[in-house]
Amino acid sequence: MDKEDYKKYVEGRAKKSSYLKNCSFAFLIGGFICALGQGLRNLYLYLGAWEQDASTLVSISLIFIASILTGLGIFDNIARIAGAGTLVPITGFANAVVSPAIDTKSEGYIFGVGAKIFTIAGPVILYGSLSGVIYGIIYYFTGI
Amino acid sequence: MNDIIKLKNPPHISSYYSVVGSHERSGPLGACFDEYSSDDRFGKDSWEKAESEMQRLALSGAIKRGDFKESDIDALLAGDLLNQCVGSSYGLIDFDIPYIGLYGACSTCALSLALGAILYDSGASSACACVTSSHYCASERQFRFPLEYGGQRTPTSQWTVTGAGAFILSDTGHAKIKEIVFGKSVDMGINDINNMGAAMAPACIDTIKRYFKNSNHTIEDFDLILTGDLGFEGSEILKDLLLREGLDIRDKHADCGLMIYDLDAQDKHAGGSGCGCSASVLAGSVLRNFEASTLNDILFIGTGALMSPMTLYQGGTIPSVAHLVHIGR
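Line by line, the protein sequences give chains L and W.
According to my numbering, the first sequence is numbered sequentially starting from 1.
According to my numbering, the second sequence is numbered sequentially starting from 1001.
Calculated directly from the structure, the hints in this document are not laboratory data.
Please note that the accuracy of each hint is not assured.
Derived pair list, reagent style DSBU-like, types lysine-lysine, alpha-carbon separation capped at 35 Å [stated by the list, open to error]: (1) W:Lys1252 with W:Lys1008; (2) L:Lys15 with W:Lys1184; (3) W:Lys1209 with W:Lys1008; (4) W:Lys1044 with W:Lys1069; (5) L:Lys7 with W:Lys1184; (6) W:Lys1178 with W:Lys1209; (7) W:Lys1184 with W:Lys1209; (8) W:Lys1069 with L:Lys3; (9) L:Lys116 with W:Lys1044; (10) W:Lys1209 with L:Lys8; (11) W:Lys1008 with L:Lys3; (12) W:Lys1184 with W:Lys1252; (13) W:Lys1006 with W:Lys1252; (14) W:Lys1069 with L:Lys8; (15) W:Lys1209 with L:Lys16; (16) W:Lys1209 with L:Lys7; (17) W:Lys1213 with W:Lys1178; (18) L:Lys15 with W:Lys1044; (19) W:Lys1008 with W:Lys1178; (20) L:Lys7 with W:Lys1213; (21) L:Lys15 with W:Lys1213; (22) L:Lys21 with L:Lys116.
So that you can see chain L by itself, here it is in the shape it has in the complex (with noise of 0.2 Å):
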């Protein structure tokens, strides 16, 4: 068997992750954060903020309640159910800043959480405001 029959082969036989479930739980949990998300915003509204700073708050929440889940170690166990549920809301992008922030204490706070907090987040933020940047050019020229 050379190495294209043998990746074929492995290929081939891999237990593959149910999709059915995985879309499942990602569109429930999912939906759930967005659903909270929304409830807050309409307290945020009801308590006085103005539209554009109850949006804001909305996202400072979820960021918060993600980072505490995260710190207290709840967060991985909802997310190896919920997937792309918690991964694709705000809340995913809280997780992936606070679980390198929290594994790297050990190696201080230059050499560890300093240098390692973006590992994850990095490609995110260097990506979107990249093409943030590309994006308001493009607006700038042609109001599109």
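Got chain L; can you put chain W on it based on the hints?
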């Protein structure tokens, strides 16, 4: 070099000791292990120090159980999964014994037993200790993601065992290391870190084939053909592809990675891995069966995936190795 190294003056495994973490303790072999800690940090302030502590506990335990003195041991062969093998070098620093650091990924336990046996056989050592460990938390953050990162594992992924095993090779004991086959580095183009069983199986197949091709023994002569640690996926591939080559090991085969956890109840996907897996299963369960005479002759094949995260990011595939140790009476 001959494929099979037959030892003229084979050493006994005179003493052995296992140390595990909480998940391993609550697995099917839980009661067999000599020592465990419900705190996976083993009272230390980092996972790496915890792994070193397991090595220290394992070797101290083996020395004590075998009624050895530290000065009786003339060589330490030790390894782990951490960069630069720091689990071993820091863990064993307090022992006043010449230290030989080894890296063979999950094959390290078999590798250390093989090299230790050759040292004894050659007369260079009269009692040497082989120590191996891995720690889930320390390897996870080195090889994969931070511990609290919320990701999903695929069904073929394996779980690094938190455990250590120490063995002392010397003059007396219930089991002898009789033959050795060193593995070749084999790369069949697998690059999925979540399917290491598939990456390691070809190396294991190569070593087993070479053994039976050059040996007078047949599969029936052995009570057990024990691999460590191919997990579910790798074990199935091994049995299937060996059967196609005319070697049916299905009735004799067991895998340390499948023995140490209850895969479904403990949610361990394809089973355990890490060099502490085969070390703790061998010391905790298999050698006890030699002592109880329920096992008399086994082939123990340690399999290791020799990649690093860096080589994988550079587009590399996963080379693997499998070392065989024939343990008999």
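Here's how the hints hold up against the structure:
1. Annotation: proposed proximity of Lys1252 of chain W to Lys1008 of chain W holds, straight-line Cα distance about 27 Å (limit 35 Å).
2. In summary, the hint linking Lys15 of chain L to Lys1184 of chain W is supported, as the alpha carbons are separated by about 28 Å, within the 35 Å threshold.
3. For the given pair, Lys1209 of chain W sits about 23 Å from Lys1008 of chain W by alpha-carbon distance, which is consistent with the 35 Å threshold.
4. Between the alpha carbons of Lys1044 of chain W and Lys1069 of chain W the distance comes to roughly 26 Å, so the proposed pair stays at or under 35 Å and holds.
5. Note on Lys7 of chain L and Lys1184 of chain W: the hinted pairing holds, with a Cα-Cα distance of about 20 Å set against a maximum of 35 Å.
6. With a C-alpha separation of about 18 Å, the suggested pairing of Lys1178 of chain W with Lys1209 of chain W holds against the 35 Å cut-off.
7. Taking the CA atoms of Lys1184 of chain W and Lys1209 of chain W, the gap is near 12 Å; set against the 35 Å cutoff, the hint holds.
8. Using a Cα cut-off of 35 Å, the hinted pair Lys1069 of chain W and Lys3 of chain L is violated, with the two alpha carbons roughly 50 Å apart.
9. For a cut-off of 35 Å, the pair hint linking Lys116 of chain L to Lys1044 of chain W stands: about 22 Å separates their Cα positions.
10. A threshold of 35 Å between alpha carbons decides the hint, and for Lys1209 of chain W with Lys8 of chain L the separation of about 22 Å falls inside it, so the pair holds.
11. As the CA atoms of Lys1008 of chain W and Lys3 of chain L are separated by approximately 39 Å, the hinted pair breaks the 35 Å bound.
12. About 23 Å separates the Cα atoms of Lys1184 of chain W and Lys1252 of chain W, which keeps this hinted pair within 35 Å; it holds.
13. Between Lys1006 of chain W and Lys1252 of chain W the CA atoms are separated by roughly 22 Å; this keeps the pair inside 35 Å, and the hint holds.
14. At most 35 Å may separate the alpha-carbon atoms for a hinted pair to count; Lys1069 of chain W and Lys8 of chain L exceed this at roughly 54 Å.
15. Between Lys1209 of chain W and Lys16 of chain L the alpha-carbon distance is near 30 Å, which keeps this suggested pair within the 35 Å criterion.
16. The straight-line distance between the Cα atoms of Lys1209 of chain W and Lys7 of chain L is roughly 21 Å, inside the 35 Å bound, and the hint therefore holds.
17. As the CA atoms of Lys1213 of chain W and Lys1178 of chain W are separated by approximately 17 Å, the hinted pair is consistent with the 35 Å bound.
18. For the hint pairing Lys15 of chain L with Lys1044 of chain W, the CA-to-CA distance comes to about 38 Å; that exceeds 35 Å, so the pair is violated.
19. With a C-alpha separation of about 8 Å, the suggested pair Lys1008 of chain W and Lys1178 of chain W falls inside the 35 Å cut-off, and the hint holds.
20. Restraint check for Lys7 of chain L and Lys1213 of chain W: satisfied, since their Cα atoms lie roughly 26 Å apart, inside the 35 Å limit.
21. For a cut-off of 35 Å, the pair hint linking Lys15 of chain L to Lys1213 of chain W stands: about 32 Å separates their Cα positions.
22. Straight-line distance between C-alpha atoms of Lys21 of chain L and Lys116 of chain L comes to about 33 Å, which keeps the hinted pair within the 35 Å bound.
This entry does not satisfy hints 8, 11, 14 and 18, going by the numbered hints stated previously.
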